[in-house]
Structure formats: structure tokens, C-alpha cells
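J.: Chains as they are written, first to last, in my numbering: chain Y, 1 to 331; chain E, 332 to 596; chain R, 597 to 862.
Derived by calculation from the structure, the hints in this document are not laboratory data.
Computed from a predicted structure; not experimentally measured.
Yeah, the Cβ is synthetic: ideal placement off N, Cα and C, and Gly gets one too.
Take the hints with a grain of salt, since some may be wrong.
Said to hold, decoys possible - In silico negatives: residues of chain R with every beta carbon more than 10 Å from chain E:
#1 Leu708
#2 Ile721
#3 Ile723
#4 Val727
#5 Phe774
#6 Trp776
#7 Phe784
#8 Val794
#9 Phe795
#10 Val839
#11 Val840
Said to hold, decoys possible - Coverage of chain E stretches by chain R, computed from C-beta distances (three or more under 8 Å per stretch; other residues unrestricted):
#12 372 to 379
#13 538 to 549
Said to hold, decoys possible - No farther apart than 30 Å at their CA atoms in a straight line, the calculated lysine-lysine pairs in the BS3-like style are these:
#14 Y:Lys81 - E:Lys506
#15 E:Lys336 - Y:Lys109
#16 R:Lys851 - R:Lys778
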Amino acid sequence: MQKENIIEVRGLKKTFKKYERGAGLKSALKSVFKRKYKTVEAVKDISFSVKKGEILGYLGPNGAGKSTVIKMLTGVLYPEKGEIRCLNYAPWDEREKYVKNIGVVFGQKSSLWWELPPVDTYKLYKEMYEISDYKFNKNLKYMIKLLDIKDVSKTPVLKLSLGQRMRCEFISSVLHEPKILFLDEPTIGLDIFAKEKIRQFIKKINREKGTTVILTTHDISDVEELCDRIIIIDKGEHIFEGTIQELKNKYVCEKKIYVEFDEKPGRIKLSDCRVIRYDAWSADVFVDLKKRKVKEVVSELFRKYYISDITISEESVENIIKRIYLEAEKK
Amino acid sequence: MNITKYVKIFREISALRISQVAAFGASFFVNVLTSIISNFLWPIVAVVLYAQTSGFPGWSIGEFILLQGTILLSFGIAGSSIFSIVWDIGWQIDEGLFDMTLLKPMGVIPGIIATSFNPWFIADIASGAVLVVTGIISSGAVISLLNILSYTILIASSMLVWFFFASLILSLNFKYLEAWGIFELFWTVKRLGEYPIDIYGGFLKFLLTFVIPFGLAGFYPAQILLGRITDWTQILILIVSSFVFGIVGYLILNRSIKNYSSAGG
Amino acid sequence: MGIKKYTAYIGIEFKHSISHRSLLIAKIVAIPLSIFVMVAIWNAIYLNNDAEIIGYFTKEQMVNYSILSVIGSYLLANRSDMELGRIIRNGKLTNELIRPNQYYLVQFFKSLGFRTADFVVAAPISIALGVIFFGFKQYDYVFTLMSVLSFSLSFLLIFLFNMIFGLIAFKVIDYDNFGWLKNTLVSFFSGGIISLSVFPLFFQNTMMFLPFQHMLYTPIRIFVGGYVLEQCILFIFVQAIWVVSMFFIMKFGWKMAVKNFSGVGT
Chain Y
1 MQKENIIEVR GLKKTFKKYE RGAGLKSALK SVFKRKYKTV EAVKDISFSV KKGEILGYLG
61 PNGAGKSTVI KMLTGVLYPE KGEIRCLNYA PWDEREKYVK NIGVVFGQKS SLWWELPPVD
121 TYKLYKEMYE ISDYKFNKNL KYMIKLLDIK DVSKTPVLKL SLGQRMRCEF ISSVLHEPKI
181 LFLDEPTIGL DIFAKEKIRQ FIKKINREKG TTVILTTHDI SDVEELCDRI IIIDKGEHIF
241 EGTIQELKNK YVCEKKIYVE FDEKPGRIKL SDCRVIRYDA WSADVFVDLK KRKVKEVVSE
301 LFRKYYISDI TISEESVENI IKRIYLEAEK K
Chain E
332 MNITKYVKIF REISALRISQ VAAFGASFFV NVLTSIISNF LWPIVAVVLY AQTSGFPGWS
392 IGEFILLQGT ILLSFGIAGS SIFSIVWDIG WQIDEGLFDM TLLKPMGVIP GIIATSFNPW
452 FIADIASGAV LVVTGIISSG AVISLLNILS YTILIASSML VWFFFASLIL SLNFKYLEAW
512 GIFELFWTVK RLGEYPIDIY GGFLKFLLTF VIPFGLAGFY PAQILLGRIT DWTQILILIV
572 SSFVFGIVGY LILNRSIKNY SSAGG
Chain R
597 MGIKKYTAYI GIEFKHSISH RSLLIAKIVA IPLSIFVMVA IWNAIYLNND AEIIGYFTKE
657 QMVNYSILSV IGSYLLANRS DMELGRIIRN GKLTNELIRP NQYYLVQFFK SLGFRTADFV
717 VAAPISIALG VIFFGFKQYD YVFTLMSVLS FSLSFLLIFL FNMIFGLIAF KVIDYDNFGW
777 LKNTLVSFFS GGIISLSVFP LFFQNTMMFL PFQHMLYTPI RIFVGGYVLE QCILFIFVQA
837 IWVVSMFFIM KFGWKMAVKN FSGVGT
């Protein structure tokens, strides 16, 4: 069954005025009387849609326009041009009604009251989101168990570790059962166990509640673990849209075969392959996928040389994305 | 607009802020002590001044202290409620956290007013009340129930005046980030209103009544309590002026928030 | 001594202070406005008063005093203690301690830099307006020169006092409230709110034994001709003694505070 689109974006555009000031005393004094402004096209012409229940990764280098797009999707910023429909609302026009159906977690900004236990903040949000007593208690109990924060929900936030605090932040954003969850770098600074817990939580609410998730992150392992699809933005434009597999298919042009030899092989000759020798007993063989298949190269290696061990790996998604950013930078 | 919802939000915020203050512990008491000491410094200076001189024309020491107390009381009530949006929202703007307020399901202005509760001004309210009572006793003025009623109404309507100032400050803060200078200016101009405004002459008195209406928050309520203004038309004009400033404040703040959302933060 | 690494802070802080245009503009408006308030108050009081002298001052002297007390309060204001409170609270003190410089010197030159903008922009405008609209004028060249020296010592005195008082920040969670209390009381006792000469004699005599009157009242009184020449020289000398004493108290206090804070040896 084809899922409906929960977010539709057409022809989105946004420019900002940025104040420019040079270095040095002369510029500093000049700026007191006259300021120079520069117009920056943060978002050029963006169109995309998101299906209900999807987990979408929204990636891009710093300054690419990610935050601007997300702010427009959440109703915080007005677009200059274009149209957004989220849950059938125009976010900024019907902000108050719309935001009741979304949740937002900022990895670098806290929505919890610093000196007080998280449950005190939850009670405030209960009133803000007009959550019934029954629903509030049921959801809170469920989330506390899921995220394993029973012992910490009554501890002042300032005494919590980052991992504990992030879990508490998540609860504050999903108590009202939002239909869309916006996550801005939710695992930043977390250790591997805390990240795992957060990822499991996201998967679970996506699966059980059908919550659509928009995830912006620089942690590619988040993307690989969670996202059904990714969009990459750079300089205000989308440069890739598709699944991780489609990303690999499009951009991966090499695979690496690490070989260990039983007998010293001498000079290794393989057509359409790059070979890097580390020592007499091992080598990396990079196969140009446009010209040869990996299984052919492997067969040739076994035919020509005495192999003790072999490992085939492909370029990491992180590397691919790095390459995409660099190529976009050059343009 | 669902008033009940905002009342509930205000109730929860009040509980949170009081808990927060309790968490501060000793720091809160030092803050209260600081407020009390600074609130009573000027009255002490006034006593010293009146001991050496005849003071301000038309104002005895008791009447002057009553005026000081009135401004303190008015600003104390405002600071603990509607005016505290300056600090709450100002801090959010400076830290780039105002977006989080926009992400909450409440009207922006009703929401920020409903979440404005600041128990740190309790000392100012108490000091103000003490000075008003001291002023009444010291001046020997005969205060009627009607004076007290008019005074209370004018103090209440002065909250709209403080809201007007808060809106001005915030709207400038939205436009110019980290605009501490605006606050500096506000405190200085506020000082104009802390003295009998008739010492400044006709034009400035008019300005302090109908343009930068600090007079509405201190001078005129004090005049009313002392029975110096008895004409109901005048009192009505003052109350209506406060309402007009409140509406203007709302419009200014509304526009600033819209511009913030369209310009980007 | 490598004074250049400290004087560099003057430039940085100056640029920082003028980058906040709103603050600069606000001061250009706020200082004359504060002066206006004080002058209006004193005009009203003198008009309502039979005697021509209040607290040893004629109306002209009192107006001059008010103008200088407002300008002086801005120029001499120092936030070194609040800064110390802030870096202790947010854990950044260790960053400062591992730098190859003396913290108090860094703070001193930072203060100089930040105040330079007020000194170069706000103060001249305020003095000019004071001259044009309020009849501000000097008493005598010699006394003006002595008051400049006295104001310089005041700057040092206020800085050192703030650094000493700021050591409380090592012992409390939130220093800010203490800082505000200190500022309020210092403003009162230094003659920043009203000239100390208006207070009863016993109060004035008590103030003689404290450093506060030398923070603002002494240099202003020298300027307006409130002291004879010998008194001026004596009070400047007393200011210098206070500065030297405070310096040693500050150095000792800082050493003890840091020793207990970081647990390192002498």
C-alpha cells in the first residue's frame, strides 16, 4: 500500500541579509557609522516530499541551508517563495495548530529547566500541549521504561550526564504523540551506548506510533542505522535524494580487496585495478567497478597467487558523503 | 483564545519558577537582601536631603517617600509578571533559543505573557508597600477609600505601561542582538520618572505622561493617593492612556515577532 | 615583563566595546540624560531652599559635581569581579590559569580597553553638552590637573577593590547578587548617588577611614574646588596609599584563593 505524503515542499526559497565587517581597528570604527550587508541565498529552489512513517536523513555541510529548511518546515521561519504543506498545514500560517502535532529535539539546545527535575518540565508541557491526565501518565510511564530513566527523571537536569539529559529531552518532545518528529543532531556528544539507546527509541516510536522522523545529523552511522532515505543539501540546493543503496550505486566506483598471501607473490599484476603493497605478504587491491566485477578479480587472485585470507569492503558511506561535499565545493 | 489553557500554563510556570528559586537557596536570599538595601538607599538619601534642605517644591519628605514607594511597588509587580518577558525572551533571543518558544502550541504573545512569572521581585513589592505606608504615615495625609480604589486601579493599569516598555525593549532586541544598550537606556529614562515630574517643566512632564509614560506608573498614582487629583475625567484619561499604551505595545511586539520570523534568527 | 601581551587586550576590548553599537549609542544618550536628571533635581532643590550652600557646595559646584559623578561613574565602572564570578561558575578559570600571564593584569588592561570607547566617545560628548546646557566649567587649571591624577588613582582603586571583593566568587555558587550588592553600596558610599558632603558630619568622618570616598568623591571635589591645595595633595597621597595597600591585599588574596581552588603548591 502506497503511503501518503505527510510533507510536501515546492519551490522553496529564502535569502538573508548578513552584516559584513572586516578585521582591524579601522573597520571596527567604520562599522559604528556605516554597516555593510551582504545578501545570502540560504535556500535556492527546493522541492521534495516525505511519506508518512518515513525516517528521512537531511544532510549537508555546515552552512548548507539545512537549519533554514528545517526552521521553515517547523513554522519558525517564513519562506520567501514557495509552498510547504505539513500535515496539511502551512506551518507558519497555522503555527499554533500545526506545532501541536510536531515534536522537536535539538542536540545543542535544551528545552528542560536546568535546576529542576525533568518531570517538572513535563508537567508544564502537559498543559501547553493540552494532554489529558490519562494520556500524560500513560505516555510518561511508557517512555520512562523505554528509555530507562526511572532513576533520573526526578533528578535536577544539571546533575544528569549528557546521555541521560538527551533521553529526558526526547521524552519532552514525544509526550504529546507528535505525528512528525524533527531531530537536530540528537546524538551529538553521546557515547556509543547512549547513541544506541536513542536510535532504538527512534526506531521503536517510528514502528509503533508511525511517527515520521526528519533527522539532521553529521553522524553518518545515525543515518545508516535509521534512515529509509536521505537528502543531501549544499549551498541551498539538493544534490542527492534517495536511499543509502542508491547513494552507493551512484557514487561507489571502487571496492577494496585486502589480500594476505601464503607465499610471497612477487609483482602483482591485475588489469583495471590499483594495487597498494604494504609488505611482502599483503596488499590492498582497488577494483574499478566500471570496468571489472569483484568476483572476477577474486577468481584471478586465487588463480595466480597463493592466498591465505581475503577481505572485501566497500567505500564507507561517510567517505562517499565527504566526496560529495568536496565535489560540490569545487563547483 | 483558550484562556483556561493560559491560566494553567501560568500556574505551572509559577510553580516551576518558585521551585527554581528554592533550588538557588542562599543566592535568592542575597538577591532579596540586595534589593532591599538598594530600594531603601534612595529614601535614606531623601531623608538626609530633607534634613539639610527644603527638598522638592510641593513635596514633603513623607510625600516624596510615598512617590518612591509607588514606583517601586508598580515596577515590582510588573517585574514579577508582565515586564519579566524582557529578561525571559531577551535571554532567549541572545542565546538563539527563541525558536523553541515558537515551536510551542500557544499564541506567541499570550504564551510569553502566560509564562512570565518572576519571584525575584518580591523584595521590590514588599519594599514598595512599606515605603508607601511609611510615606502615608509620615506625610500625615488623610487617605480616603476612594483614593485607595483609584490608586489601585491606576497601579493595575500601569502594568500595561510596563508592557509597552517591555515590548519596545524586546522589539529592539529582536532587531539588534545582544542589545544591552537598550536596557541601559531604559533604566536611565526610568530614573526621570522616579522624581516628581513637575520639576522638569511642562514639555517634559507632557512627554513623561503621554509619550514615555513613566509618570503613569508612579507620579500620577501617588498624586491620586494623596488626593491631589480628584477630577474623575483626569483619572479616566490616565487609565485610558494606559490601555492605549498596552495596545500599542502589543502591536509593536507582534510586528517584531513577525519580522523576526521572516528575516530569520 | 612583556607588557605588550597585556596592552594587546586594550585594542581587542576597545573593538569589542564599539562592535556593540547599541550600547555605545545608548551611553551617548544615557549619560547626558542622567546628567539632566541630576541637574534638574538640584535646580529644584536649590530653588526651593533658602540657603545658597548645601553640603559646602554652591548650586554651580553641585551641578558640576553631579555632571562629573555621572560621567565618572560610567568611566570608572569595572566588571572584573563579575567576570571572575562568571569564569569560576562556568569552569573556565582553569583556561585562564594555564595561560602565561597574570590574570589581574589581563583584567586591568581589558578594563582599560573597554572604557576607552566611553572615554573617547561618550565622555567628550557629555562634557560638551554639560558645558553648553548646564554651565559645566573647571574651577582652576591646577585643580583640574590634580583631579585627572586623582581620577586615575580612582580607576586603579576601583579595579583593585573589585578584584579583592570578587574573590568571594571562589566561595559562592552565584557571585552576581553579591556583585550587585557591592556596586549599590559602593555607589552610595563613594558619593555616586549624592555628594558625601550632604551627609551628617559623623558619617563623613567615618568615611575618611574607608577607601570609598576616594573612588569618586575625592577627585570630583578636587575638580569643583571643594578643597584647598594642601587638602588636594593630602587626599591624593591618601588615595595612593590605598592603591598600594589594595594591590598587596589583592595579590595575597588571589594567591590564597587560587591555591585552595586548584590545590597546587606555592
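J.: Of all the hints given earlier, name the ones this structure violates by number, lowest first.
T.: 5, 6, 7, 8, 9 and 13
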